[in-house]
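J.: In case you want the letters, here they are:
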Amino acid sequence: NAGVMQNPRHLVRRRGQEARLRCSPMKGHSHVYWYRQLPEEGLKFMVYLQKENIIDESGMPKERFSAEFPKEGPSILRIQQVVRGDSAAYFCASSPQSRTGDYEQYFGPGTRLTVT
Amino acid sequence: DAKTTQPPSMDCAEGRAANLPCNHSTISGNEYVYWYRQIHSQGPQYIIHGLKNNETNEMASLIITEDRKSSTLILPHATLRDTAVYYCIVSGSGGYNKLIFGAGTRLAVHP
Chain A
1 NAGVMQNPRH
11 LVRRRGQEAR
21 LRCSPMKGHS
31 HVYWYRQLPE
41 EGLKFMVYLQ
51 KENIIDESGM
61 PKERFSAEFP
71 KEGPSILRIQ
81 QVVRGDSAAY
91 FCASSPQSRT
101 GDYEQYFGPG
111 TRLTVT
Chain B
1 DAKTTQPPSM
11 DCAEGRAANL
21 PCNHSTISGN
31 EYVYWYRQIH
41 SQGPQYIIHG
51 LKNNETNEMA
61 SLIITEDRKS
71 STLILPHATL
81 RDTAVYYCIV
91 SGSGGYNKLI
101 FGAGTRLAVH
111 P
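Going down the list, the protein sequences come from chains A and B.
Going by the working numbering, the first residue of the first sequence is number 1, and it counts up by one from there.
Going by the working numbering, the first residue of the second sequence is number 1, and it counts up by one from there.
Check each hint, because a few of them may be wrong.
[As the list claims (entries may be wrong)] Cross-link-like lysine to any residue pairs, in silico, SDA-like; alpha carbons within 25 Å at most:
#1 Lys3(B) - Ser28(B)
#2 Lys51(A) - Val83(A)
#3 Lys44(A) - Thr26(B)
#4 Lys44(A) - Tyr96(B)
In case anyone wonders, no lab produced these hints; they're calculated from the structure.
Please model the entire structure based on the sequences and the hints provided.
T.: So, in structure tokens, the structure goes:
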């Protein structure tokens with residue numbers, strides 16, 4: 001079974017450009033989460049999606065950030081007009097459906113975004 | 001979701017058991033205890049989770065006290081590759097599992 005895949009692994013953008021980060025969940029997983037880890041800081045929840053639905057975006061910055069998980073294809077985290085403060089590691093995680101209320105998440109290797 | 005408290009750092013000798021404690025005194029009845037770890041700057045790795053009963057898998061054992069207010073993650077034979085930050089997270093009451101990461105415990109396994 002392939003794990004959670006993220007690409008690109010490293011992304012360099014100049015200030016003002018757009019960054020698109022992709023996440024393919026594990027086979028059979030219908031839940032996708034995005035987390036951000038700023039340099040020397042902890043992991044912070046950003047958004048939780050199911051297919052074609054954003055369920056919880058309470059951790060997303062109000063502007064420039066958006067996420068989607070279309071019916072076909074990977075989940076995308078899009079950052080418009082990037083600024084230096086967006087430089088971070090972005091991790092995607094997926095989990096299977098659960099009937100018992102427990103949802104272990106499996107994380108991808110992350111995308112390291114550097115804004116110059 | 002309930003808050004957890006973990007010691008900031010611990011040391012363990014290679015080959016010995018590593019026992020990582022976690023306090024979660026405000027845990028509610030339908031919340032699970034999850035353990036993850038992050039080795040250097042890699043993606044976090046799921047270790048184990050439990051509700052009431054003790055759990056064991058190929059990686060670790062999880063001991064949850066009867067009142068569920070604390071738990072201990074046990075790595076039975078720590079190796080140098082187990083050096084990582086270990087996170088104890090309580091979650092699961094909202095129909096999905098938004099993980100709130102604290103500072104965790106930085107475990108250093110030494111020869």
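J.: Each hint: holds or not?
T.: Here is how each hint holds up against the structure:
1. Proximity of Lys3(B) to Ser28(B) is assessed by CA-CA distance (about 11 Å); at most 25 Å being required, the pair is judged to hold.
2. For the hint linking Lys51(A) to Val83(A), the alpha-carbon distance of about 29 Å lies beyond 25 Å, and the restraint is violated.
3. In summary, the hint linking Lys44(A) to Thr26(B) is supported, as the alpha carbons are separated by about 21 Å, within the 25 Å threshold.
4. In summary, the hint linking Lys44(A) to Tyr96(B) is supported, as the alpha carbons are separated by about 16 Å, within the 25 Å threshold.
In terms of the numbered hints stated before, the structure departs from hint 2 and from no other.
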